[in-house]
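**Student:** If you want the building blocks of each chain, they are given just below.
Number of protein chains: 2
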Amino acid sequence: MKISIIGTGLIGGSIALKLRDKKFTDFVYGIDQDEVHLNNALELNIIDEKADMENGVKNSDLTIIAIPVDSARKILPSVLDLINDNQTVMDVGSTKSGIVESIKDHPNRKRFVAFHPMWGTENSGPKSATKESFAGKAAVICNREDSDADALEIVEKVIANLEMHPIYMNADAHDVHTAYISHISHITSYALANTVLEKEREEDTIFQLASSGFSSTVRLAKSHPEMWVPIFRQNKENVLDVLNEHITQLRKFKSALEKENFEYLEELITNANKIRGILDK
Amino acid sequence: MKISIIGTGLIGGSIALKLRDKKFTDFVYGIDQDEVHLNNALELNIIDEKADMENGVKNSDLTIIAIPVDSARKILPSVLDLINDNQTVMDVGSTKSGIVESIKDHPNRKRFVAFHPMWGTENSGPKSATKESFAGKAAVICNREDSDADALEIVEKVIANLEMHPIYMNADAHDVHTAYISHISHITSYALANTVLEKEREEDTIFQLASSGFSSTVRLAKSHPEMWVPIFRQNKENVLDVLNEHITQLRKFKSALEKENFEYLEELITNANKIRGILDK
Numbered sequence: 000m001k002i003s004i005i006g007t008g009l010i011g012g013s014i015a016l017k018l019r020d021k022k023f024t025d026f027v028y029g030i031d032q033d034e035v036h037l038n039n040a041l042e043l044n045i046i047d048e049k050a051d052m053e054n055g056v057k058n059s060d061l062t063i064i065a066i067p068v069d070s071a072r073k074i075l076p077s078v079l080d081l082i083n084d085n086q087t088v089m090d091v092g093s094t095k096s097g098i099v100e101s102i103k104d105h106p107n108r109k110r111f112v113a114f115h116p117m118w119g120t121e122n123s124g125p126k127s128a129t130k131e132s133f134a135g136k137a138a139v140i141c142n143r144e145d146s147d148a149d150a151l152e153i154v155e156k157v158i159a160n161l162e163m164h165p166i167y168m169n170a171d172a173h174d175v176h177t178a179y180i181s182h183i184s185h186i187t188s189y190a191l192a193n194t195v196l197e198k199e200r201e202e203d204t205i206f207q208l209a210s211s212g213f214s215s216t217v218r219l220a221k222s223h224p225e226m227w228v229p230i231f232r233q234n235k236e237n238v239l240d241v242l243n244e245h246i247t248q249l250r251k252f253k254s255a256l257e258k259e260n261f262e263y264l265e266e267l268i269t270n271a272n273k274i275r276g277i278l279d280k
Numbered sequence: 000m001k002i003s004i005i006g007t008g009l010i011g012g013s014i015a016l017k018l019r020d021k022k023f024t025d026f027v028y029g030i031d032q033d034e035v036h037l038n039n040a041l042e043l044n045i046i047d048e049k050a051d052m053e054n055g056v057k058n059s060d061l062t063i064i065a066i067p068v069d070s071a072r073k074i075l076p077s078v079l080d081l082i083n084d085n086q087t088v089m090d091v092g093s094t095k096s097g098i099v100e101s102i103k104d105h106p107n108r109k110r111f112v113a114f115h116p117m118w119g120t121e122n123s124g125p126k127s128a129t130k131e132s133f134a135g136k137a138a139v140i141c142n143r144e145d146s147d148a149d150a151l152e153i154v155e156k157v158i159a160n161l162e163m164h165p166i167y168m169n170a171d172a173h174d175v176h177t178a179y180i181s182h183i184s185h186i187t188s189y190a191l192a193n194t195v196l197e198k199e200r201e202e203d204t205i206f207q208l209a210s211s212g213f214s215s216t217v218r219l220a221k222s223h224p225e226m227w228v229p230i231f232r233q234n235k236e237n238v239l240d241v242l243n244e245h246i247t248q249l250r251k252f253k254s255a256l257e258k259e260n261f262e263y264l265e266e267l268i269t270n271a272n273k274i275r276g277i278l279d280k
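If you read the sequences in order, they're chains A and B.
With numbering that gives the first Met the number 0, the residue at position 244 of the first sequence is 243, and numbering never jumps.
With numbering that gives the first Met the number 0, the residue at position 12 of the second sequence is 11, and numbering never jumps.
Same shape as in the complex, but just chain A (with noise of 0.2 Å):
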């Protein structure tokens, strides 16, 4: 199977590392606006040749795109306006309402399978790509009754080949869903970093101080803007919804201090606890 990746980032580039791996696919065009992208993704043996965009996609049996949500939504018309009944494209975005929602009159809708692994680290492009990547994690199909058989078929099969297991969603439950998990983790992040760099002047002591949990709390704070303002654009109303409910979780914590009621600090803590349970399962 031919396979273009238009992104040849940490995402696009780790299911090119694994699909080759699992020789699911024997030839990979790259196609990236980012030519030194492109030349690592040559050289790291993540994709066999660039590619233009109508080359690539025209000569392949499926398309991913693997790009920034809002330009995934721009190109995903267009690209689907120059494939056949015999070709599959699928994105890999992390907010799904507004891609499918953008070509839901296309002629060639059908052929677009809407999917969103769950799986990322803080790191982008090439060089960060891994076939160490997916494994064991939750791979998410949404509206899958807007997909053909045939295409589907082979998303799932692309699934299979990561190790990971499928989940079917509605898109509009998925973004809800995704705000809460893995949106709202972000702002966190990016909040408490710019926290600490607000009050913390002696860079030199965050870092001799910085314990394994603060580094673990922080780390998604890493993750680049090109990346994360388009999602929380596309995904706005419902990371809107979440973030006050956070500001108003942590303004209990607040009260409870200012009040001294430590007994009702221990239940917010108690409550919170509560995580281990199911994310231990």
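No wet-lab data here; the hints were simulated from the structure.
Be aware that a few hints might be false.
Since the list gives no way to pick one copy over another, a pair counts as held whenever it fits inside one copy or between any two copies.
No farther apart than 20 Å at their CA atoms in a straight line, the calculated lysine to any residue pairs in the SDA-like style are these [as the list claims (entries may be wrong)]:
hint: 1; residue 1: K251; residue 2: Y263
hint: 2; residue 1: K49; residue 2: E100
hint: 3; residue 1: K235; residue 2: E259
hint: 4; residue 1: K251; residue 2: D240
hint: 5; residue 1: K273; residue 2: T120
hint: 6; residue 1: K253; residue 2: N243
hint: 7; residue 1: K126; residue 2: L43
hint: 8; residue 1: K273; residue 2: S127
hint: 9; residue 1: K251; residue 2: L239
hint: 10; residue 1: K1; residue 2: R19
hint: 11; residue 1: K198; residue 2: N272
We have chain A already, so just place chain B on it with the hints.
**Tutor:** Then chain B, alone, in the frame of chain A:
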């Protein structure tokens, strides 16, 4: 050297395991109110013998207090009452101003060294203890001028055997810095867990969708209230100060989203990205 560990949990247990492994000590007394912990510690070869406070402390060259900060503060004077000029006492608490204040007029003050190892996990109890723990992390000694030179030297040897590097700091400065770097991370993480638990009623969805990013950010929310309520209580003013700043920072994200000011959002994220340069020095 004979050692008493008061509190045979994660930190006390891990220190004992490492110091035994390094042959720094040839006999460890375990002192713990929790009989189950004590028996576990014995079975796990963390300690050689269960002891009561008086027997353990009196017969040890070094006593390490590794219990929640409020209890440590409470028992420290009576521990110091039990020792002579050849014996040393250290604690491992995450707040330091309160404990040094509580014994500032004690006749044996100089036999005490205020210590804080910058390592921990969200787990607790002797079963979580591991000798693969402290290496490479910072070990803070506070107000060293208030300790006898030979007592200080013993604690510095402990630090070397834990493969940590010592940092010297005033107790008040320590409490300010740890509020920024450690304590606020825990509140953020607790509040994030509570947010998700409040908004996401479908526990299975949390479990299925939870990516490594979410797990990483929310990891500290598993930490127990027995340890953390006393820390927040003792470091209330500093924690409130940082918490207020953190809420202010989150409000900036909220405002940027509400006003659809995506340039400002990008600016906030780009600023947060600076944490990469500091953590990855």
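**Student:** Now look at each hint and say whether the structure bears it out.
**Tutor:** Do the hints match the structure? See the list:
Proximity of K251 and Y263 under a CA criterion of 20 Å is satisfied intra-copy only: 9 Å inside one chain copy versus 28 Å between copies. Taking the shortest alpha-carbon separations for K49 and E100, neither the intra-copy value of 30 Å nor the inter-copy value of 67 Å comes in at or below 20 Å. For the homomeric pair K235 and E259, the shortest alpha-carbon distance between copies (9 Å) is at most 20 Å, but the shortest distance inside one copy (36 Å) is not. In this homomeric assembly, K251 and D240 come within 20 Å of each other (Cα to Cα) both inside a single copy, at 17 Å, and across copies, at 15 Å.
For a Cα distance limit of 20 Å, the shortest separation of K273 from T120 across copies, 17 Å, qualifies, whereas the shortest one inside one copy, 25 Å, does not. With identical chains, the CA atoms of K253 and N243 are at most 20 Å apart both within one copy (15 Å) and between copies (8 Å). With identical chains, the CA atoms of K126 and L43 are at most 20 Å apart within one copy only, with a shortest distance of 8 Å there and 43 Å across copies. For the homomeric pair K273 and S127, the shortest alpha-carbon distance between copies (19 Å) is at most 20 Å, but the shortest distance inside one copy (34 Å) is not.
Both within a single protomer and between protomers do K251 and L239 lie at most 20 Å apart by alpha-carbon distance, with minima of 18 Å and 12 Å respectively. Taking the closest pair of Cα atoms, K1 and R19 come within 20 Å of each other only inside a single copy of the chain (10 Å); across copies the shortest separation is 59 Å, beyond that limit. When the C-alpha separation of K198 and N272 is checked against a cutoff of 20 Å, the pair qualifies only between copies, where the shortest distance is 16 Å, while the shortest distance within a copy is 28 Å.
Checked against the numbered hints above, the structure violates only hint 2.
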